[in-house]
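Chain A is already provided as a structure; the job is to place chain B on it using the hints.
Protein chains in written order, with the numbering used here: chain A, 1 to 353; chain B, 1001 to 1353.
Calculated directly from the structure, the hints in this document are not laboratory data. Note that the structure is a prediction, hence the values are computed from the model and not measured. You may find that some hints are simply not true.
Simulated pairs of lysine-lysine, DSS-like, Cα-Cα distance not exceeding 30 angstroms [claimed, not checked]:
#: 1; chain 1: B; residue 1: LYS1153; chain 2: A; residue 2: LYS44
#: 2; chain 1: A; residue 1: LYS43; chain 2: A; residue 2: LYS153
#: 3; chain 1: A; residue 1: LYS153; chain 2: B; residue 2: LYS1153
#: 4; chain 1: A; residue 1: LYS153; chain 2: B; residue 2: LYS1044
#: 5; chain 1: B; residue 1: LYS1043; chain 2: A; residue 2: LYS153
#: 6; chain 1: A; residue 1: LYS43; chain 2: B; residue 2: LYS1043
#: 7; chain 1: B; residue 1: LYS1153; chain 2: B; residue 2: LYS1043
Number of protein chains: 2
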Amino acid sequence: MTMSDALRFDFTCPIPIAEYPRVLLAHGGGGRLMQQLIGRMFKKGFDGLGLQADVDAAEVVINGGRLAFTTDSFVVHPLRFPGGDIGSLAVYGTVNDLATSGARPLCISTSFIIEEGLPMETLWEIVLSIREAALEADVRIVTGDTKVVDRGKGDGLFINTAGIGLITHDRMIGPAAIEPGDVVLLNGDLGRHGIAIMAAREGLQFETEIESDAAPLNGLVQALIDADVPLHCVRDLTRGGLASALNEIAAASGKGIHVDERQVPVREDVRGACEILGFDPLYVANEGRMVFFVPEDAADRALEILSSQEQGRGACRIGVVRDADAGRVTLTSTIGATRILDMLSGEQLPRIC
Amino acid sequence: MTMSDALRFDFTCPIPIAEYPRVLLAHGGGGRLMQQLIGRMFKKGFDGLGLQADVDAAEVVINGGRLAFTTDSFVVHPLRFPGGDIGSLAVYGTVNDLATSGARPLCISTSFIIEEGLPMETLWEIVLSIREAALEADVRIVTGDTKVVDRGKGDGLFINTAGIGLITHDRMIGPAAIEPGDVVLLNGDLGRHGIAIMAAREGLQFETEIESDAAPLNGLVQALIDADVPLHCVRDLTRGGLASALNEIAAASGKGIHVDERQVPVREDVRGACEILGFDPLYVANEGRMVFFVPEDAADRALEILSSQEQGRGACRIGVVRDADAGRVTLTSTIGATRILDMLSGEQLPRIC
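Extracted from the complex, chain A is given alone in its bound form (with noise of 0.2 angstroms):
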């Protein structure tokens, strides 16, 4: 940045004071309020610092190697819920995150704001709970911090996790690299960890527990770049579900993305909860689930490489990229009409990770 452009720099808040005056819990539900906050309060702020918005995991050069870098913070509430917990969750994002750009997760750093009062074995329990993550996600813990914020300042356990991957291929793996024609294929079913946090947090019983999918997902991607399949997009399905995900790729990419809702595998208990709750299961955050954009030629066997893994077990093609509906996301839905799947506008449920 040159100081002309520095002077030229507009200091006032590019978010509408007027209509928003005070943050929102939907400015960070994953829809379209916390893409406004990213692409114009964040995004103007730290122009010209090289940030990144667009992708999970930023890509830096140093000393000539590619590296991704990435972070998350965990708000998730409550801290455990049927198949994971706060600590579990916050390896396998940032673990995901690194993945979606093809790189091999190394390290991770671990943050907690530990709110006074929190019993000293939930903590433990939670540190566990990370150990068994990170080696079964096979990523070290390097480094750490810890803050304790008074009673009433917080709520029991946020962590923040930040990590480096390595990347090995010379692709460009991302939505600028997705062409008309592409398949897209998902590694199992939808909304399980959605409906687990929901279940556990307002004490619902349904005939069989759902437990979330968290899962890592670096060996998926590692054994689709190691088997040489040329990958476009990798993207996880967390805030805001499978439809938010594809409409950031779509408007990122300028092409149109078009899904059989037909083809998408929700399990009937997820289904039956869905309709209760009065939620759809395609804007419902999962934790252990990716789409993947690849080649019509390449797709079978992606498919294959998928599914011999337990995470993708459930591998399949759920919809293709076209030049039509440039920017945008179509659904031909379970009753055979299309229509467009927007981004989500509200909050469909809030701290789900």
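Structure of chain B alone, referenced to chain A:
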């Protein structure tokens, strides 16, 4: 880690639950309880996973290059104080942690945990402060994250920054490298940050306004490295102040450190405020102060280099490393008496960073 190591792992909580059933504010205060939490719980929980618990930044070798990696969460209260705010603090804190390993800070991440209801204008002002601090410290902001928690479950804003730096020297800088005869240098007067926070929090008025010393110190460290000064150890003096930092270094190195209190600069207004508040400036947090350990024959040159920069104007000698009193810090007080300068036991001033 081999399978037999994993099987041998002891899952008992390493903090005595009967004594500490819950996390206390002091567990985050930089004193003895925080050392216990890190030393027992995190070191044990992450055993075998590569944790480097005794340094401000971990060193990771990637592609043959030496990188520094660090993280810190900032929970300072209030968000703004004389001389800075949580935004600038979050940048300087991580930049300074990277600098303590002699690394050149390259890029940082910023992760926001916002309490619902934070004025949008406040968030923007802090984003601008982060921007300015990053430009001043010459570091990029490449990635980030935003979470929003419900009203009453946070405290306005917490920020985590993680950072990557490049180590270009071939020294081992750290407690293990200090030697008897080394001189301890300090880059300026102590205690302003903690007192500035306290004054802002409690609405105290002093005759002069005491501003935080918060500043990026990477330029100081880089200048010493560029001049090939044989730096043995560098540490910034945040939570727990000078006394805690020196105790950590003494314990980790097994050497004795002797400080002459008459040589430790404390401004008159800060000394007065400390007397009124019952604080000891040796334990008060700073955010722009570091100690540097160098051999006696390099001390004058190091002082000259430090003094030539804005952040090192007040550089001075304050002590020496000795074989005597191994693992401990001793102090000759202003009245000439010598005593042990111990680690802080309780909590002097919570949430100063």
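Starting from the hint list further up, note which numbers the structure goes against and sort them upward.
-> Hint 6 is the one this structure does not satisfy, whereas the remaining hints hold.
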